[in-house]
Amino acid sequence: MYPRPFHYHRAGSLPEAATMLSQLGDDAKLLAGGQSLIPLMKLRFANPSHLVDLNFVPGTSYINEQNGAVRFGALTRHSEIENSSIGVRFPILHDCAAGIADVQIRNRGTIGGSLAEADPSGDWAAVLLTQKTEIWCLSPRGERSVPLTDFITDAYTTVLEHDELVREISVEVPGKGTGGAYLAFKRSAPVYPTASAAVQITMEGDICKDAHLVLGCVGLVPVRATAAADALRDRRIDDKSVAAAMDAVREAVDPQADMRGSAEYKRTLAAALVKRAIEVAVRRARGERVEVSHIYA
Amino acid sequence: MPETIDKVAIQLKVNGKPYSLAVEPRTLLVELLREELNLTGTHVGCDTTYCGACTVLLNGASVKSCTMFAVQADGAEILTVEGLAKDGKLHPIQKAFGDSYGLQCGYCTPGLMLSTFQLVTKNHEPSENEIRKAIAGNTCRCTGYQNIFKAIRLAAQNMKGA
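In order, the protein sequence lines correspond to chains Z and S. No gaps in the numbering here: position 137 of the first sequence is 211 in this note's numbering, and each next residue is one more. No gaps in the numbering here: position 62 of the second sequence is 1463 in this note's numbering, and each next residue is one more.
To be clear, the hints were calculated from the coordinates, so they are not data collected in a lab. Note that the structure is a prediction, hence the values are computed from the model and not measured. There could be a bad hint or two in this list.
Partner residues are not named here, just some residues of chain S that face chain Z (Cβ under 8 Å, in silico) [claimed, not checked]:
1. R1427
2. Y1451
3. V1464
4. Q1473
5. A1477
Glycine is no exception: its CB is placed at the ideal position from the N, C-alpha and C atoms.
Use the sequences and the hints to build the structure in full.
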């Protein structure tokens, strides 16, 4: 399948890419990993007249830790995060990176592209919404940082201006006594999940001091289940509080029926994933090493 | 298409051989390999980033060549199935797929062998689970995968000696 013809522009730097976007107008799109954009262009759902390729910009793929935060260059590939040592100390990042699609797609797809696309079924936004995440954005007018909580405004929609791009993603490293986990269920490896659950839980003894729960694929944007978090906070994590959190998740999500399942099925799936993710997050908060990743046949 | 689209000059190495070409931006890497370079061992299966029949190595990393523009391979080294055998001698991975009957119709096999290449060059003793993960992006509709697993384990052994 051929995409519509387009003009190809290779950016040498990120400021140059932003300038190109502003000069080329609304019909120009950025090309990062291309694992969503290129299939959309082949199906002619997306028909940009100009593509600005970011892949030749040096220094856009990195994982640094500074002042208690991990910083990802926008073009850091999922596979680089999967194979990085950061996943040992910050396992929720590994849960996500190692389970996105398949090896080939992880070798190309980027964390910045995933966030900027804001696909309701994307993995990174759900995961990073349980963390303190800042998106550093660059345009010809300069740079600004936007908390991820304000970054995605609707399905496939972010606060990025037309000539603005993601330069870096900064995620605060959680302290001791807190654990996170991400679980997604998908029908087979290369596809988007049917539902996903990201959880970050802070424990003090047997009591949950803080909780963040975010569900993916079950709304136009990732669903922050604050009532579910309230059901856990200042309580013991036991069958009763977890059941209350699961009920709150069923209430909070707003899934669409599609070929992946009915709305009711997805509601049940999201609650089940939350239950499992809470279990793993609590064990990790206690310092246990637990490996989890996407679940698929 | 009213306006003309400029072709883009690129240089790349495919199976060790250097090429200088001018490509239309919308040309996919797999089309360049098959239509321009006549390397038809790389297959197009689903054409929607699912099946992995078009898998090639780009600077050593497996990619789906139907989901990358040829212009993006500028400066890269590509390995396709045609680059596996040397001097008329099958590559240990090819030999393993043959010896283990790790194929039936053969359509998915070039992609599977290149996914295997990425796995076994780093890991000579892949576990069942590591093999599963490594080929999760390659769909075979004939074999049921059992012999493919055998082939990959044998390939890893063969590569250990190599």
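Verification of the hints:
Of the supplied interface hints, the one on R1427 (chain S) holds, with its beta-carbon coming within about 5 Å of a beta-carbon of chain Z, less than 8 Å. Annotation: Y1451 (chain S) was flagged as interfacial toward chain Z, and the flag holds, the nearest CB pair being 5 Å apart, inside 8 Å. Hint status for V1464 (chain S) relative to chain Z: holds, with the closest Cβ pair at about 5 Å, below 8 Å. Annotation: Q1473 (chain S) was flagged as interfacial toward chain Z, and the flag holds, the nearest CB pair being 6 Å apart, inside 8 Å.
Evaluation of the A1477 (chain S) hint against chain Z yields a violated restraint, the C-beta minimum of about 10 Å exceeding 8 Å.
Checked against the numbered hints above, the structure breaks only hint 5 and satisfies the rest.
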